[in-house]
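K.L.:
Given the coordinates of chain Z, assemble chains Y and E onto it according to the supplied hints.
Heads up: the sequence lines are chains Z, Y and E, in that order. If you're matching positions, the first sequence starts at 1 in the working numbering and goes up one per residue. If you're matching positions, the second sequence starts at 162 in the working numbering and goes up one per residue. If you're matching positions, the third sequence starts at 273 in the working numbering and goes up one per residue.
Check before you lean on any hint, since a few could be wrong.
So the derived label-pair ranges between C-beta atoms look like this [unchecked claim]:
no., chain 1, residue 1, chain 2, residue 2, range
1, Z, Thr21, Y, Pro188, 48 to 54 Å
2, Z, Ser53, Y, Phe231, 26 to 32 Å
3, Y, Phe231, Z, Lys2, 24 to 30 Å
4, Z, Ile58, E, Lys330, 34 to 40 Å
5, Z, Lys101, E, Arg329, 43 to 49 Å
6, E, Asp334, Z, Lys101, 35 to 41 Å
7, Z, Ile87, E, Gly328, 40 to 46 Å
8, Y, Pro188, E, Asn279, 31 to 37 Å
9, E, Thr301, Z, Leu54, 46 to 52 Å
10, Y, Phe217, Z, Ile62, 25 to 31 Å
11, E, Leu323, Z, Asn22, 23 to 29 Å
12, Y, Arg253, Z, Arg51, 39 to 45 Å
13, Y, Met164, Z, Gln24, 37 to 43 Å
14, Z, Leu54, E, Ala287, 46 to 52 Å
The hints are simulated quantities; they were obtained by calculation from the structure and are not laboratory data. Here a beta-carbon is modelled for each residue, glycine too, at the ideal position from N, C-alpha and C.
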Amino acid sequence: MKKLLFSFIFLYLLWLLLTGTNTQELLLGAGVSLLISLLFYKKLGIYGEFRVSLKAFIYAIIYVFVFLGALIKSNLDVAFRVIQPVIPINPGIVLVKTTLKSPLARLILANSITLTPGTLTVETAGEDFYIHWIDVKAADESGATEAIVRNFEKYLEVIFG
Amino acid sequence: MAMAGAIISLIGAVFLFLGALGVLRMPDIYNRMQAGTKATTLGSILFLLGLGLGHFHKVCICKTIILVLFIIFTNPISSHALARAAHYIGIRLTKKTVLDKLHEEDREELV
Amino acid sequence: MVEIIYNIAGIIALAGIVIAFIRLLLGPTAADRTVALDAMTIITISLIAWLGYMLGRKIYLDVAMVYALISFIGVVAIARYLERGL
Chain Z
1 MKKLLFSFIF LYLLWLLLTG TNTQELLLGA GVSLLISLLF YKKLGIYGEF RVSLKAFIYA
61 IIYVFVFLGA LIKSNLDVAF RVIQPVIPIN PGIVLVKTTL KSPLARLILA NSITLTPGTL
121 TVETAGEDFY IHWIDVKAAD ESGATEAIVR NFEKYLEVIF G
Chain Y
162 MAMAGAIISL IGAVFLFLGA LGVLRMPDIY NRMQAGTKAT TLGSILFLLG LGLGHFHKVC
222 ICKTIILVLF IIFTNPISSH ALARAAHYIG IRLTKKTVLD KLHEEDREEL V
Chain E
273 MVEIIYNIAG IIALAGIVIA FIRLLLGPTA ADRTVALDAM TIITISLIAW LGYMLGRKIY
333 LDVAMVYALI SFIGVVAIAR YLERGL
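The following block holds chain Z by itself, in its conformation from the complex (with noise of 0.2 Å):
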């Protein structure tokens, strides 16, 4: 039920965007997505992993808002070592472990750290990642964890169960 609910929001706001606003269109939209979401449902599987809850939308919510600060200051990290004569950096690949279980917080994940300041997951294996970073502060695996996950992973497990 929870997977046909939200394949139907998922479908009928991407139509929403995509067209304009005619009745006409606004109906067929409903009734095409409905239909697919029928169809389709049950090999749906990633919608049923999100947690019906008020406190899990209130930390989506605060999640997009710490990606996005994130984002940004991984760009001005960016633009600060490309303009210097000598680029800063000292790179190397780390280890860290999550203890994430559902596939599309895993992805979520893998997603947020590539954003972030100086990271870029280069590989994943079940709850390995593998972690190109751009100046090594923690060689071992705790110390880059903590480094890396930690501050995504809080809010992650709350949205998704």
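P.N.:
Frame of chain Z, contents of chains Y and E only:
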């Protein structure tokens, strides 16, 4: 409103330029990817949102929002795929690199 | 005034394409060239939308969307090919 949009677009264009400069100047492929992915993502978001803000009365902003969301979701995925492929075919990291936990020996256990 | 600032922004982004193109020509390996190509396509998407807004043609935004889709699939396909998994 139009002025604010124009200035946001200008900031975005500067970030796009710095991202391209990073792609040119960084020493190895992974560092290039870092500059290329991050700076072009925020740069294109600001550039497109500034354009939409400045022409708010003429054109619907909805398609710009879809474009921005698409860029946010796909840009890290393509860079992740490329980084994985580059490490798999054995492109060396730069000489300044301090450690590499993802060697070929480690990879054997992973697969 | 506003038009001039938008034009300057477009020119700066275009200069970004030229700089990334130098890396495309220099790049020692195929993966380096693909990174430069990726950066170039993202800037190109922004510039297509810029053209659409400046010329007042809404349909160019759809062109930008399709170009974003195709360039994403193209980069992922090149990565899979380099990994010999295609």
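K.L.:
If any of the earlier hints don't hold here, list their numbers in rising order.
P.N.:
none
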